Amino acid sequence: MSNSTYTPPAVPWASLRNARNPQLTSDGRLQHLLTLEGLSREMLMHILNTAESFLSLNNHDVKKVPLLRGKSVFNIFFENSTRTRTTFEIAAKRLSADVVNLDMQTSSTSKGETLLDTMDNLAAMHADMFVVRHNQSGAPYLMAEHLNKLGKKDIHIVNAGDGRHAHPTQGLLDMYTIRHYKKDFTQLRVAIVGDVLHSRVARSDIHALTTLGVPEVRVIGPQTLLPSGLREMGVHVYHDMAAGLKDVDVVIMLRLQKERMHGALLPSEAEYFKHYGLTLDKLAHAAQDAIVMHPGPINRGVEIASEVADSSQAVILPQVSFGIAVRMAVMAILSGGHAA
Amino acid sequence: MSNSTYTPPAVPWASLRNARNPQLTSDGRLQHLLTLEGLSREMLMHILNTAESFLSLNNHDVKKVPLLRGKSVFNIFFENSTRTRTTFEIAAKRLSADVVNLDMQTSSTSKGETLLDTMDNLAAMHADMFVVRHNQSGAPYLMAEHLNKLGKKDIHIVNAGDGRHAHPTQGLLDMYTIRHYKKDFTQLRVAIVGDVLHSRVARSDIHALTTLGVPEVRVIGPQTLLPSGLREMGVHVYHDMAAGLKDVDVVIMLRLQKERMHGALLPSEAEYFKHYGLTLDKLAHAAQDAIVMHPGPINRGVEIASEVADSSQAVILPQVSFGIAVRMAVMAILSGGHAA
Amino acid sequence: MSNSTYTPPAVPWASLRNARNPQLTSDGRLQHLLTLEGLSREMLMHILNTAESFLSLNNHDVKKVPLLRGKSVFNIFFENSTRTRTTFEIAAKRLSADVVNLDMQTSSTSKGETLLDTMDNLAAMHADMFVVRHNQSGAPYLMAEHLNKLGKKDIHIVNAGDGRHAHPTQGLLDMYTIRHYKKDFTQLRVAIVGDVLHSRVARSDIHALTTLGVPEVRVIGPQTLLPSGLREMGVHVYHDMAAGLKDVDVVIMLRLQKERMHGALLPSEAEYFKHYGLTLDKLAHAAQDAIVMHPGPINRGVEIASEVADSSQAVILPQVSFGIAVRMAVMAILSGGHAA
Numbered sequence: 001m002s003n004s005t006y007t008p009p010a011v012p013w014a015s016l017r018n019a020r021n022p023q024l025t026s027d028g029r030l031q032h033l034l035t036l037e038g039l040s041r042e043m044l045m046h047i048l049n050t051a052e053s054f055l056s057l058n059n060h061d062v063k064k065v066p067l068l069r070g071k072s073v074f075n076i077f078f079e080n081s082t083r084t085r086t087t088f089e090i091a092a093k094r095l096s097a098d099v100v101n102l103d104m105q106t107s108s109t110s111k112g113e114t115l116l117d118t119m120d121n122l123a124a125m126h127a128d129m130f131v132v133r134h135n136q137s138g139a140p141y142l143m144a145e146h147l148n149k150l151g152k153k154d155i156h157i158v159n160a161g162d163g164r165h166a167h168p169t170q171g172l173l174d175m176y177t178i179r180h181y182k183k184d185f186t187q188l189r190v191a192i193v194g195d196v197l198h199s200r201v202a203r204s205d206i207h208a209l210t211t212l213g214v215p216e217v218r219v220i221g222p223q224t225l226l227p228s229g230l231r232e233m234g235v236h237v238y239h240d241m242a243a244g245l246k247d248v249d250v251v252i253m254l255r256l257q258k259e260r261m262h263g264a265l266l267p268s269e270a271e272y273f274k275h276y277g278l279t280l281d282k283l284a285h286a287a288q289d290a291i292v293m294h295p296g297p298i299n300r301g302v303e304i305a306s307e308v309a310d311s312s313q314a315v316i317l318p319q320v321s322f323g324i325a326v327r328m329a330v331m332a333i334l335s336g337g338h339a340a
Numbered sequence: 001m002s003n004s005t006y007t008p009p010a011v012p013w014a015s016l017r018n019a020r021n022p023q024l025t026s027d028g029r030l031q032h033l034l035t036l037e038g039l040s041r042e043m044l045m046h047i048l049n050t051a052e053s054f055l056s057l058n059n060h061d062v063k064k065v066p067l068l069r070g071k072s073v074f075n076i077f078f079e080n081s082t083r084t085r086t087t088f089e090i091a092a093k094r095l096s097a098d099v100v101n102l103d104m105q106t107s108s109t110s111k112g113e114t115l116l117d118t119m120d121n122l123a124a125m126h127a128d129m130f131v132v133r134h135n136q137s138g139a140p141y142l143m144a145e146h147l148n149k150l151g152k153k154d155i156h157i158v159n160a161g162d163g164r165h166a167h168p169t170q171g172l173l174d175m176y177t178i179r180h181y182k183k184d185f186t187q188l189r190v191a192i193v194g195d196v197l198h199s200r201v202a203r204s205d206i207h208a209l210t211t212l213g214v215p216e217v218r219v220i221g222p223q224t225l226l227p228s229g230l231r232e233m234g235v236h237v238y239h240d241m242a243a244g245l246k247d248v249d250v251v252i253m254l255r256l257q258k259e260r261m262h263g264a265l266l267p268s269e270a271e272y273f274k275h276y277g278l279t280l281d282k283l284a285h286a287a288q289d290a291i292v293m294h295p296g297p298i299n300r301g302v303e304i305a306s307e308v309a310d311s312s313q314a315v316i317l318p319q320v321s322f323g324i325a326v327r328m329a330v331m332a333i334l335s336g337g338h339a340a
Numbered sequence: 001m002s003n004s005t006y007t008p009p010a011v012p013w014a015s016l017r018n019a020r021n022p023q024l025t026s027d028g029r030l031q032h033l034l035t036l037e038g039l040s041r042e043m044l045m046h047i048l049n050t051a052e053s054f055l056s057l058n059n060h061d062v063k064k065v066p067l068l069r070g071k072s073v074f075n076i077f078f079e080n081s082t083r084t085r086t087t088f089e090i091a092a093k094r095l096s097a098d099v100v101n102l103d104m105q106t107s108s109t110s111k112g113e114t115l116l117d118t119m120d121n122l123a124a125m126h127a128d129m130f131v132v133r134h135n136q137s138g139a140p141y142l143m144a145e146h147l148n149k150l151g152k153k154d155i156h157i158v159n160a161g162d163g164r165h166a167h168p169t170q171g172l173l174d175m176y177t178i179r180h181y182k183k184d185f186t187q188l189r190v191a192i193v194g195d196v197l198h199s200r201v202a203r204s205d206i207h208a209l210t211t212l213g214v215p216e217v218r219v220i221g222p223q224t225l226l227p228s229g230l231r232e233m234g235v236h237v238y239h240d241m242a243a244g245l246k247d248v249d250v251v252i253m254l255r256l257q258k259e260r261m262h263g264a265l266l267p268s269e270a271e272y273f274k275h276y277g278l279t280l281d282k283l284a285h286a287a288q289d290a291i292v293m294h295p296g297p298i299n300r301g302v303e304i305a306s307e308v309a310d311s312s313q314a315v316i317l318p319q320v321s322f323g324i325a326v327r328m329a330v331m332a333i334l335s336g337g338h339a340a
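Chains as they are written, first to last, in the working numbering: chain A, 1 to 340; chain B, 1 to 340; chain C, 1 to 340.
No wet-lab data here; the hints were simulated from the structure. Because the structure is a prediction, the values reported are computed rather than measured. For every residue, glycine included, the Cβ atom is placed at its ideal position computed from N, Cα and C. Be aware that a few hints might be false.
To be clear about the criterion: a stretch of chain C counts as covered by chain A if any three or more of its residues have a C-beta under 8 Å from a C-beta of chain A, and this derived list gives those stretches [unchecked claim]:
1) 88-102
2) 123-132
3) 272-278
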């Protein structure tokens, strides 16, 4: 199937695949990390616990462990993201892996090679892990199923964000952050604010929050930026910040893609900020010790006011630190260093 | 001499240089790898044998050996090629070298610096090896001769493809592949199919096949895509696939540069595929156990049918694996780790 | 403060900041390297001496030392410079650091994130050192002050060139070169030739030369390319090469930015070369054993004749080698491996 002609299957927002889960082996171990959907509470907690063991490492003088020594990790990014690529590169290097960065926007796929031919070629270089970002929902699935079909059990795929579908390591680092500050998931109200419709982060967060037993997950946003089917997922929908933020313990702000401003989906930036931008005033509706999260990079004055971003309630930078540890944990678990 | 104004010498297709071989030291050791032309059968076999010793390494848990530890390998690519650059990067890292990738399309040469000034500067950073790709035939020669003239014996150049001239590591990995599947070169019929005129791969393959004693080397392609002088090299020329593939043991397909389609050299893509695209039907003319090779990336439906590319006769992916081992071998031999 | 709207403070050419020196700790140790201005003679000599100890390493078979093992060095280049980035990458890898290259021209800052938000994010990945190039004078100051304010003493900034302000590692390698060939700074005449106005190299050189006790520093160039305030710095100004080069021991040629040719500041290239291009004839005015330096990449026939660039008086390539050692020294000292 040609990469350029690949059209993702039409699926409900909540779930790309219901029938099967190509990321798990027959005995339930993690072979790939494609989505948080379908991962058990135990698996999620195992990843978070492993991340915790790596976190302390970041404060050591020598930050490396030899768990992936001699392994080759390929960052293959069909969609540019310097920051996400960097977090995976740092994580892999701290595990002592060799890292090769491939900018797929300028590579052979642009010469007409198909996505699977490209992957077969890279696999033939004895890659151990592919970290994949793709603007098409489901592309990492396609790759994982292909590897599974070939019986290549030694190669692992980590989804670093696919289309509007999933961004599982972001979801995991968000869970790590919430656990770090709030300890117990089962007593929480969590609100996700903004452009949920286009957000792979929101989707991954909702799956994880639900699995981890958060009793009340809310989304807040204008009708045009919310997908249908949220209520069926058990999510509470709000269009008003005052109501939606009331008494929540965790606020997850989503990044607003400015390019959508020019479409019909959104009013002006100022109008958006007025209604959905997080200010201290609006935040006052939340619980007094509520934390504010954001996947970054933030747009100050668009989805979040500087006074909030710089406040003591914001945990946006700790999220980044936790993100390195979480990605190390995922890589270590996939490569067998920390089997569940 | 300015890079932008450099014009390669007018030479016959078969040979850039007849008079001397700047890649060999006075006592016959490999100082640079610029071309397979003029390398002895013993040297070629030594490289293939060294590659074989590295191949098993790729299946080990820790894929690294310390042969190039502390050495700096510079990938300097004046022509973009993510894939080829990656194979050299992987090979160098598995030898424990430090690798620096330089995208020369955006660097100082575009600011008016000459090719040799750029190289002198990089050499002054105590580089140990340059892996060079350049769209001008002969550019790596120019660099090698410059280093030789300066007496810099500790710096080695590997030609990763120069213009239409040579692609020696691809030639070597092709030889490795043929030896792996066919064992004995001296009983073989080998056909090279497609745009031979513009192919540095074809040129390197022909030199190596001849040196290794292959008794019958054929090329197949339309008149417009075959260079003159082939018959003088002892190569049999065919314009018809049925005749050309008859009883061959090895089929080497060349990549069709789609951009040539728009010139006068080629009929339409469909027309080309009809006459020279490798289908199972055409492949039936070859020996029953013939192998099908391709330097990649493949254009399915242009020079090769999917049914062939995915058949058990295709050894395109093993070529990639062998390519890593061959490049490790070349680097190790050049740096003195595995002297002949 | 937004990166895109950041305007550097209006300051005299000679000095960005007079009032304070954010690169020194309260007990006078080097926390960041932002400028050579305000560094003591002892500090400069300590850096040069440390570089000397690393220089011999480049000739060893294994060029690495473990001083920065497990440390993460981020090259964050807001302005493209393959060569400078490479020298820092090589230096860091020879100290065994993990190096991450970030092309900031394509990253989040282009998505509207501010410079300081970007840095906070990278710092949250547990970076140990930022090597920063920015087209805005003062950008690395802003970052250093921000880190200092946050009390992040474990993160160090190296200015790899900011706007027209400073290029301290180039200044240091120039001092290393002069000391290597001339031994004693206190008996020298040094001339800096060319576009001094736009040159961060010239500024850094002048500060260092003055601090190191060079009794006579001259600049030579057309009125339009010399800043005001030079005489107040104790620099002798010349508009004529014959007079300016008379009896000098060191000639530092500056690179001519060809893009300025098209503005009103410069006559034609040929006209410029006629008056200020360094030829053997003009060089004959200098001391017989004068050395010729240039930060590279050189424009042959624009600011320097090939006959000079290739002469035995030119020490342009040794400068490059010294540059690696100097950058290793700076990184080692900043990270505490070689405290003053």
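Status of each hint after checking the structure:
1. Chain A is given as covering the region 88-102 of chain C, and this holds because 3 residues of the stretch bring a CB closer than 8 Å to a CB of that chain, at least three being needed.
2. As drawn, the region 123-132 of chain C meets chain A at 4 residues by the rule of a beta-carbon pair under 8 Å; at three or more, the given contact holds.
3. Judged by the Cβ-Cβ criterion of 8 Å, the region 272-278 of chain C is not covered by chain A as claimed, because only 0 of its residues qualify and three are needed.
The structure does not agree with numbered hint 3 stated previously, though it agrees with all others.
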